[in-house]
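Engineer: Sequence:
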Amino acid sequence: RCYLLPSKDKVYDAICIHDAWCESKGVCNKRYHCDNAKEHKSTKMLAWMVDKGKRFTTISPRVSRQNGTCERRFRIHARGMRAALRCGNQTSGMPACFWWDGFRASVMTSAVIPQKGDPDQCPWKLFTGETPNATVFRVPFCLVYPKLIDRKTKAEDQSIPCIHMGRSLDQSGYRCLDPATWTEYVTPHCRFVESDRPGITVDPSTGRPQCVPRNPAGSRGSTALEPARWEPDLRVQIDPDSTDPFVDEDD
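If you're matching positions, the sequence shown starts at 54 in our numbering and goes up one per residue.
Since the hints were derived computationally from the structure, they do not count as laboratory data.
Honestly, I wouldn't trust all of these hints.
Distance condition first, Cα-Cα at most 25 Å in a straight line; then the derived BS3-like pairs of lysine-lysine [as the list claims (entries may be wrong)]:
(1) 83 / 105
(2) 61 / 105
(3) 178 / 207
(4) 83 / 94
(5) 83 / 178
(6) 207 / 169
(7) 61 / 97
(8) 78 / 63
(9) 61 / 94
(10) 63 / 91
(11) 63 / 83
(12) 78 / 107
(13) 205 / 178
(14) 91 / 105
(15) 107 / 61
(16) 83 / 97
(17) 78 / 91
(18) 107 / 178
(19) 105 / 63
(20) 97 / 107
(21) 178 / 78
(22) 97 / 63
(23) 91 / 107
(24) 105 / 94
(25) 169 / 105
(26) 178 / 200
(27) 61 / 83
Label-pair distances were calculated between CB atoms; the ranges are [unchecked claim]:
(28) 60 / 119: 24 to 30 Å
(29) 139 / 208: 22 to 28 Å
(30) 136 / 107: 31 to 37 Å
(31) 136 / 169: 32 to 38 Å
(32) 136 / 260: 26 to 32 Å
(33) 183 / 106: 21 to 27 Å
(34) 169 / 103: 48 to 54 Å
(35) 188 / 65: 43 to 49 Å
(36) 258 / 78: 18 to 24 Å
(37) 169 / 102: 30 to 36 Å
(38) 123 / 260: 50 to 56 Å
(39) 110 / 169: 41 to 47 Å
(40) 203 / 119: 51 to 57 Å
C-beta atoms are modelled at their ideal positions from N, C-alpha and C, and glycine is treated no differently.
Given the sequences, and given the hints that come with them, work out the whole structure.
Structural biologist: Next comes the structure, spelled out in structure tokens:
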């Protein structure tokens with residue numbers, strides 16, 4: 054997992070959250086290794102390591118190659134993030150402010166990619182012992198039609214075109230962004246158009262951001278004058294009670 058911190062002094066909180074999540078997966082971290090940043094070696098952090106019985110080590114001063122494994126993974130995910138932001142129908146793609154969503158998508162999908170020479174293993178399975186359900190992953194920033202629950206009247210559309218922002222970490226559903234209102238919907242009931250990555254553009258008449266799909270009515274081949282109707286995607290069944298974006302509870 055990866056964590057976006059508002060400031061460096063939140064490293065301690067992130068370590069505690071990550072360690073608790075690992076324990077929920079049956080994984081006991083016996084050692085933490087990092088660089089020599091003062092946030093990593095704070096009195097509070099070292100006391101927590103001792104209390105939890107963790108071994109804490111750091112790299113030698115100014116020898117960054119001793120942290121090479123982490124740095125290489127960071128470069129790989131950064132390349133994936135840039136590719137996700139730049140691809141799309143529009144030449145501009147997604148704004149750079151969504152870099153974290155692209156980075157997190159790269160981290161999560163890489164965890165379920167089979168290993169070279171051993172297709173039955175992947176990083177997620179090696180770490181947790183669980184077989185991941187890779188079918189829950191969708192193309193980052195593709196067009197998605199979420200089912201709208203809180204409609205004011207029965208005459209309103211059941212869905213609107215949104216941008217897929219990835220799986221939610223603490224809810225069993227997909228994050229769907231409506232750029233026009235800057236509203237994010239989280240729901241497992243979505244219909245994806247993975248071949249369409251509209252990006253975010255500005256409406257010249259109003260100056261507001263918008264999501265313009267190639268086929269505004271969805272993926273059924275209907276015209277732009279027809280309202281978007283939500284229909285369940287029967288190819289993937291998501292357990293509504295599961296909060297794990299990787300594992301199918303039925304397995």
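Engineer: It remains to establish, for every hint, whether it holds in the given structure.
Structural biologist: Do the hints match the structure? See the list:
1. 83 / 105: holds (9 Å)
2. 61 / 105: With Cα atoms ~22 Å apart, residue 61 and residue 105 stay inside 25 Å; holds.
3. 178 / 207: With Cα atoms ~45 Å apart, residue 178 and residue 207 exceed 25 Å; violated.
4. 83 / 94: holds (17 Å)
5. 83 / 178: holds (19 Å)
6. 207 / 169: violated (52 Å)
7. 61 / 97: The hint holds at about 14 Å.
8. 78 / 63: This hinted pair holds, its Cα atoms lying about 23 Å apart.
9. 61 / 94: holds (12 Å)
10. 63 / 91: Holds. Residue 63 to residue 91 sits at ~12 Å (cutoff 25 Å).
11. 63 / 83: Given that 25 Å is the threshold and the Cα spacing comes to 21 Å, the pair holds.
12. 78 / 107: Judged against 25 Å, a Cα distance of about 18 Å means the pair holds.
13. 205 / 178: violated (44 Å)
14. 91 / 105: holds (20 Å)
15. 107 / 61: With a Cα-Cα distance of about 21 Å, the restraint between residue 107 and residue 61 holds, given a limit of 25 Å.
16. 83 / 97: OK: residue 83 and residue 97 at ~18 Å, within 25 Å.
17. 78 / 91: Not OK: residue 78 and residue 91 at ~29 Å, beyond 25 Å, violated.
18. 107 / 178: holds (23 Å)
19. 105 / 63: Given pair residue 105, residue 63 holds - Cα atoms ~19 Å apart, limit 25 Å.
20. 97 / 107: Holds: residue 97 and residue 107 sit about 14 Å apart, inside 25 Å.
21. 178 / 78: holds (11 Å)
22. 97 / 63: holds (12 Å)
23. 91 / 107: At roughly 18 Å apart (the allowed maximum being 25 Å), residue 107 and residue 91 satisfy the hint.
24. 105 / 94: Within the cut-off at roughly 15 Å; holds.
25. 169 / 105: violated (36 Å)
26. 178 / 200: violated (32 Å)
27. 61 / 83: holds (23 Å)
28. 60 / 119: 24 to 30 Å: Given range 24 to 30 Å: holds, Cβ gap about 26 Å.
29. 139 / 208: 22 to 28 Å: violated (39 Å)
30. 136 / 107: 31 to 37 Å: holds (36 Å)
31. 136 / 169: 32 to 38 Å: Violated - the Cβ-Cβ distance for residue 136 and residue 169, about 20 Å, lies outside 32 to 38 Å.
32. 136 / 260: 26 to 32 Å: With Cβ atoms ~29 Å apart, the hint holds.
33. 183 / 106: 21 to 27 Å: holds (25 Å)
34. 169 / 103: 48 to 54 Å: violated (39 Å)
35. 188 / 65: 43 to 49 Å: Distance hint for residue 188, residue 65 is violated at roughly 36 Å.
36. 258 / 78: 18 to 24 Å: Violated - the Cβ-Cβ distance for residue 258 and residue 78, about 50 Å, lies outside 18 to 24 Å.
37. 169 / 102: 30 to 36 Å: holds (35 Å)
38. 123 / 260: 50 to 56 Å: Violated, at about 42 Å.
39. 110 / 169: 41 to 47 Å: violated (29 Å)
40. 203 / 119: 51 to 57 Å: holds (52 Å)
In terms of the numbered hints stated before, the structure departs from hints 3, 6, 13, 17, 25, 26, 29, 31, 34, 35, 36, 38, 39, listed from lowest to highest.
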